[in-house]
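A.B. asks: With the hints as extra help, turn the sequences into a complete structure.
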Amino acid sequence: MRLLRTLLFRLVSTAVTLVGVAVIVFVVIRIVPGNPIAMMLPPGATPEDIALLTAHYGLDKSIPEQFFIWAGGVLQGDFGTSITARQPVLTLVLGRLPATLELSIMALVIAVILGGAAALTGTRERGTKIEAGIDVTNGMALSIPDFLWGLILILLFGVAWPLFHISGRVTPSLDLPFTTDFYLFESVIRLRFDIWADIVSHMFLPALALAIPLAAIIGQLLKQSLKETMHFDYVTLARTKGYGETRVITREALPNAVLPTLTLVGVQFTFLIGGTVIIERLFSYQGLGNMAIDAVINRDLPLIQGIVILFAVIFTVVNLVVDLTYALLNPRLRHA
Amino acid sequence: MLDGRSQVRRRAGPRLWLSGGWLTALALAAIFASFLSPHDPLAQDLFLGRMPPFWVDSAEPGYFLGTDSLGRDVLSRILYGSRVALTVALIAGTLTCLIGASLGLLAGYLRGWVDVVVSRLIDIWMAFPPVLFSILLIAVLGPGLISIIIAIVVIDWTRFARVVRAEAMAQGAMDYPASAQVAGRTRLSTMLVEILPNVLPTIVALLTLEMGIAVIVEAILSFVNLSISTDDPTWGGMISEGRVSIYQAWWVIVFPLITLFLTVLSFSQLGEGLKDRFDPVLR
Amino acid sequence: MSFLSISNLSVRIAGTTTRLLRDVALSVSPGEVHGLVGESGAGKSMIGKAVLGILPRSVEIISGQIELDGTDLLTLPPAEHRRRIGQSCALIPQDPMTALNPSRRIGPQITDRLVDILGWNRAKARERAVELLHEVHIPDPDRILRSYPHELSGGMRQRILIASAFAAEPKLIIADEPTTALDVTVQKQILKLIKEMQERHNTALLFVTHDLGVVSKICQSLSVLYGGLVVEATDVHGFFRAPSHAYSRALLAATPKYTDPEASLTPVPDAVITEVNAQVDAVDREWRGG
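Listed in order, the protein sequences are those of chains A, B and C.
Taking our numbering, the leading residue of the first sequence gets 1, the next gets one more, and so forth.
Taking our numbering, the leading residue of the second sequence gets 1, the next gets one more, and so forth.
Taking our numbering, the leading residue of the third sequence gets 1, the next gets one more, and so forth.
For the record, the hints were derived by calculation from the structure and aren't laboratory data.
For glycine and all other residues, C-beta sits at the position ideal for the given N, C-alpha and C.
It is possible that some hints are incorrect.
[Claimed, not checked] Straight-line Cα separation of at most 30 Å, DSSO-like style, residue types lysine-lysine; simulated pairs:
(1) K129/A - K227/A
(2) K227/A - K49/C
(3) K49/C - K195/C
(4) K188/C - K171/C
(5) K195/C - K129/A
(6) K192/C - K124/C
(7) K217/C - K188/C
(8) K49/C - K217/C
(9) K49/C - K171/C
(10) K188/C - K49/C
(11) K275/B - K227/A
(12) K275/B - K129/A
[Said to hold, decoys possible] One-sided and incomplete, this derived list gives chain C residues near chain A with beta-carbon spacing under 8 Å:
(13) L91
(14) A99
(15) S103
(16) I117
(17) N121
C.D. replies: The structure is reproduced here in structure tokens:
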């Protein structure tokens, strides 16, 4: 019951946040200087043409009026039409979303593996030079943002030692037999591991760049949490049962140490998703972020609006999922 | 626990000196860029395009770190680029800190409706992808140094507000602010005299961290060609140009990248080091 | 032939010359209950931890033998030490509130050693768990085995920890102040239960406590510790009739009587403390000299 009430409260506050985001974006992009309509017409268009097209996109009305027209459309699943691509915003955005989701999730997986390994090794070797080394590495990884890691990885593993692709999502000459835009996922389903390998080779460096700072945070928080948990009596008791250090850490300490780390990692994961904007640009990866930057440069108001709202939805959903996972994993809350 | 702390303390010394040293050198380079630069950072010479750095055999004497595809001297451009980077770091960092920390302090200590408003704003801000938001703001404000500074302040004030709010709240829950008020202090003066000094180490650490972030944001905006006018050399702009010719002339991207890397690392290490030094619990 | 035999055991804070145990010797025979008595900081828990191989990292053993069934544990590689302990020893911990893993169900926490270390199959281990819960007088074992620790009271948890300790029919159980963290009313029941289980399984028991009243009820022999030094080791009857060491006498005088718990308690007199401190110093001088 308490869980249900918390959930309801979260849903309402999420809705308020999303409306806030929508209003702010709407107002900010309406004060963009430069007429987007004039940009899309060929040179020599008459003022009448411009006025006609402006009215067509509803840009002649007042900002509050425009907002309510737009919001009314959104509630019916209509996010408007992109000015540059002349296609529905929803179609464009949903076409790019899978690419960004796959990249973010791959980055999350890498971050959890790297950070988890660092935390477990650091806990096992606590008090030694190995732990000190892990701390220094974590500190470095955390100080440098994903953008710089991306550039460093491009130079190291794209140019100096070209192990991976550094541009695009998939080799353009490949013939893709896919029906969805989840290339990575679908290539596995269709057992096309040749395509899968090509996609991974494209995704790995941008995903790693996004993952490194998050891995450092997971490594630090989880290690701290593990080390605190190791002092509990049940850990000592497990040792007297004959279990070795690794088993004690993974089975007794880890499940209890993961919970406090989880909520913080949730917030950090939304930062990671936000980082895809510039990382996609850096690696010319055809996702939402790259499209967003193009939309800003082209003053494509409806598209910018749609993408920002979608990002906001993703962020709030991630936070909601993290909170629910926390409640489900915590036996105290589950049975309350 | 204690062992870990003493290790941190031991490392704090060289870390502070190294990062402080690099940033001082950079500040001097920015101030004296016009004396130190061997060439005009904007001077193009198409006959001297993509000259490698000095240790490569085909290097052109006088161009230590080589030239870019337009024949401009990489070293001179890095030196001039530090002007933009440090200006943004100092002004944007300080303004962000002042605004964010003030809001956080008020929300965390006064609570009530101030807290409701500030917390709700933070929630909304956290739902924006920051890079996209900054690009959007630059598109609205138009390119230029002032636009970049405004964009950074608008986006990053929450970083201070969140942390300071939580700390102020924790301090406010203790006994000493209440007893100060009983002793006749007003709420405002309690906040400034009793709470602020305890939150200050965190603010200082965040401030140096924010300066590093400001440098990165400026680089990112230059990278997507939305920074200041394309005439002025910026590290991000150099990286953006270097990315294009990465296979033909790696030095065009590598040297500004190293500079940017060391600068960001120094700001964050300085922040960590100062935090250790000022934290009354660790001292 | 004693099952556990400790001789000459010294332990110090790593990297210092401060000894926490000073040439401790004691032995426990099969089926015997041996009390380890002393004030807090006397090193009584340290002995149990040294046997079980769970000393904190900040503490190191510098000399001595801990023979378990004739084998010196301290000469064994750590993994083998652990395995032997897991097979033949068990711990009843002090605080039942922190000694059960909050994220695991009770059942596996009782049976994990049987399955993982002794190689039982799960069904047999589960049967054993049900049987054990009956032995410690827990009704509805099936439900309890599926519960999480936070659903159970402190007394209930301590019963489960006792059941878990006896699960693998260990030859030796170390009980580290097993009643200290409990309500006074529950303390007596738990003490009775430990005694009952120990007699039924004929297990050797090393009972760490600061409470001589408890010792008189449960132990056959005891060692009195002060500053990591065994100042007196004797059988219980002799001890309560006539303790030979001045410190033991003072400790006995400081113990509240069950007949009259409010009677004036005599703290250990300063003179006795001075005397026993001098004894500790003398032992240390000899140790440093040799």
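A.B. asks: Need the status of pair K188/C, K171/C: alpha-carbon distance at most 30 Å?
C.D. replies: Given that 30 Å is the threshold and the Cα spacing comes to 24 Å, the pair holds.
A.B. asks: Quick check on N121/C please, does its C-beta sit within 8 Å of some C-beta on chain A?
C.D. replies: Because about 18 Å separates N121/C from the closest Cβ in chain A, which is outside the 8 Å limit, the hint is violated.
A.B. asks: Would you check whether I117/C satisfies its interface hint, that is, whether its CB is within less than 8 Å of any CB in chain A?
C.D. replies: I117/C check passes; min Cβ-Cβ to chain A is 4 Å, inside 8 Å.
A.B. asks: Holds or violated: are the alpha carbons of K49/C and K171/C at most 30 Å from each other?
C.D. replies: holds (17 Å)
A.B. asks: Are the Cα atoms of K129/A and K227/A separated by 30 Å or less?
C.D. replies: holds (16 Å)
A.B. asks: Quick check on L91/C please, does its C-beta sit within 8 Å of some C-beta on chain A?
C.D. replies: With Cβ-Cβ at 4 Å, under 8 Å, it holds.
A.B. asks: For K195/C and K129/A, compute the direct alpha-carbon distance and say whether it is at most 30 Å.
C.D. replies: violated (47 Å)
A.B. asks: Tell me if the straight-line CA distance from K188/C to K49/C falls inside 30 Å.
C.D. replies: holds (25 Å)
A.B. asks: Starting from K227/A, check that the Cα of K49/C is at most 30 Å away, please.
C.D. replies: Roughly 20 Å separates the two Cα atoms, so the pair holds.
A.B. asks: Between K217/C and K188/C, is the straight-line Cα distance small enough, at 30 Å or below?
C.D. replies: holds (10 Å)
A.B. asks: Should the interface hint for S103/C be scored as holding, given a Cβ-Cβ cut-off of 8 Å against chain A?
C.D. replies: Since chain A brings a Cβ to about 4 Å from S103/C, closer than 8 Å, the hint holds.
A.B. asks: Run the distance test for K275/B versus K129/A: straight-line Cα separation, threshold 30 Å.
C.D. replies: Roughly 24 Å between the alpha carbons, so the hint for K275/B and K129/A holds.
When the structure is compared with the earlier hints, violations turn up for hints 5 and 17 and for no others.
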